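Engineer: One-letter residues, chain by chain:
2 protein chains.
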Amino acid sequence: MIKPEQLLQTLQIEFDKHSYGENPAELYDPIAYIMALGGKRFRPLLTLLATSIYSEDWGKAIKPAMAVEVFHNFTLMHDDIMDRAPLRRGKPTVHEKWNANTAILSGDVMLIRAYDLLLDVPKDKLRLVLARFNQTAAEVCEGQQLDMNFETRWNVTEEEYIGMIRLKTSVLLGFALELGGIIGGADENAIQLLYSAGENMGIGFQLKDDLLDVYGDPTKFGKQVGGDIIANKKTFLLIEALSKAEGTVKAELEKWIEMKTFDNDEKVNAVRNIYETLDIRTFTEQKINAYFAKGLASLNELSIDESRKEPLLQFAQQLVEREK
Amino acid sequence: MIKPEQLLQTLQIEFDKHSYGENPAELYDPIAYIMALGGKRFRPLLTLLATSIYSEDWGKAIKPAMAVEVFHNFTLMHDDIMDRAPLRRGKPTVHEKWNANTAILSGDVMLIRAYDLLLDVPKDKLRLVLARFNQTAAEVCEGQQLDMNFETRWNVTEEEYIGMIRLKTSVLLGFALELGGIIGGADENAIQLLYSAGENMGIGFQLKDDLLDVYGDPTKFGKQVGGDIIANKKTFLLIEALSKAEGTVKAELEKWIEMKTFDNDEKVNAVRNIYETLDIRTFTEQKINAYFAKGLASLNELSIDESRKEPLLQFAQQLVEREK
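Listed in order, the protein sequences are those of chains L and Y.
The working numbering applies: residue 1 is where the first sequence begins, and numbers increase by one.
The working numbering applies: residue 1 is where the second sequence begins, and numbers increase by one.
For reference, chain L alone in the conformation it holds in the complex:
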């Protein structure tokens, strides 16, 4: 049976030897830089796992799978400018290490290079793949725009928030699986199930991100636990708390949100206590489980020998259980 680790290793070798271009260096060095920062590479892995369900020759999906990862990193490069983020995976962001102009233009070329890698799909699938990718890519931008719009709004509903993370995060996971299915030769029904699996697991994945920021194990979680609370980031937990809190609890929550100077640990503990009072942790965990269950159900519905789905199901389980 294929092991995710084996696919990841092959992907890493391909990424290491891939050239995005060389001259002018100011344009291409930042691409090599952000791609070398690493990341879990789980989007291209999803593509290869989906292809491997339908075809022994998952190798033919490597370049298109890489396209998904290059596209994802393009969005990170541009989002980091917009969010004025100083760090990405613990290293200076491209606009910090170089400048914003460089991050804009290198990002543009990354998007073009993603399209280049996508050209490697079987010729008779090219138009379908590109049409689906174009829709996905535009939706990811729509999600980023909504995320920015939400920054200045305090009445974001749960439904709006889920809609935003669906666009910003989960449609790309849906596409990653769909793409693998298309290349592998899955039928239309299976392709839709794969997309739906990625879409729902993607929402679960982002909600888990929100949860880990508050309740993650500091020894395992890569980022500062509580960072979202410190920054008043409108996560699922904060949105739920804002909608559920009443009376003195609401006043307490608003006090911490509006406070300009505070001790970080004190704020994190105080908001975490409010979340406990309102049962936000349990509620969020239930939501996460529900989305992952829906995603896994789509995978289980695929009418193909169970053993072929096993690697993807196992990996999906890792995503459910992740602690970082």
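Simulated from the structure, these hints should not be mistaken for laboratory data.
Remember, identical chains collapse to one label, so a pair may be satisfied in a single copy or spanning two.
With a straight-line cut-off of 25 angstroms between C-alpha atoms, the simulated BS3-like cross-links for lysine-lysine are: (1) Lys324 / Lys223; (2) Lys60 / Lys125; (3) Lys60 / Lys123.
Remember, predicted model here, so these are calculated numbers, not experimental data.
Got chain L sorted already, so can you dock chain Y onto it with the hints?
Structural biologist: Showing chain Y alone in chain L's frame:
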């Protein structure tokens, strides 16, 4: 015989009714805005004219032709951020009217929408068209990077400058013609001739832009005549003057370049006089004519009935003679 005006009219109708998306408005309004600012639309016109050489049904090239114009406007939106340009076609640029984040993200979606429009090429041509478009698009970004690099260098050679404008401006004109040929059904040799025609005319076109900035008729030229001189923009004329000037003429030119406060008209007149002394105007005109002649020669080489080439040749002649 087909008239360029007729094709332009059809293009305008298609642009007017085309939707780039609607929600969120912050993302899509800027696209509609920049596309409505107008422009000569001569890139998509080149595509339609090239298709019409080989096929009566030039209508099938409309959407791909529009892709070229949408891509061009995407580069304008992002370049304007990088160049901190306040105005575009006399109106506020997108990053001025909205903000830089909006211009980054709307630009990203425009690039994706350009790819969407390109999908409308005949299925058996799709991979070829996309491979050529990807290369062209990356080259345009390379040209913009070189242009920015040149801003801080005073030893840019003529060869480097021509190399930069080839990438930044002329490869897209080459692609516009090539695309029309591919869609029309031209053979490989003809496709290469069309590309080469666009590439050389594109260089002539940009050099003419540089020339018109200094010697244009203020009643016809759309922008402020002398604007490049006032801003010390490294145009073909300035690069030639810097390389040819010696002794007191060189000192005079450098004095004006280094001067922090000056009367605009005085500086324009002084630098124009230096250009006269060095015969820069004639030299530039000769270069422009040589590139246009080379471009037209490629068109003349196309082995097809002369009458079929006539509309494109006529339009090319208009580009040569333009005064704005």
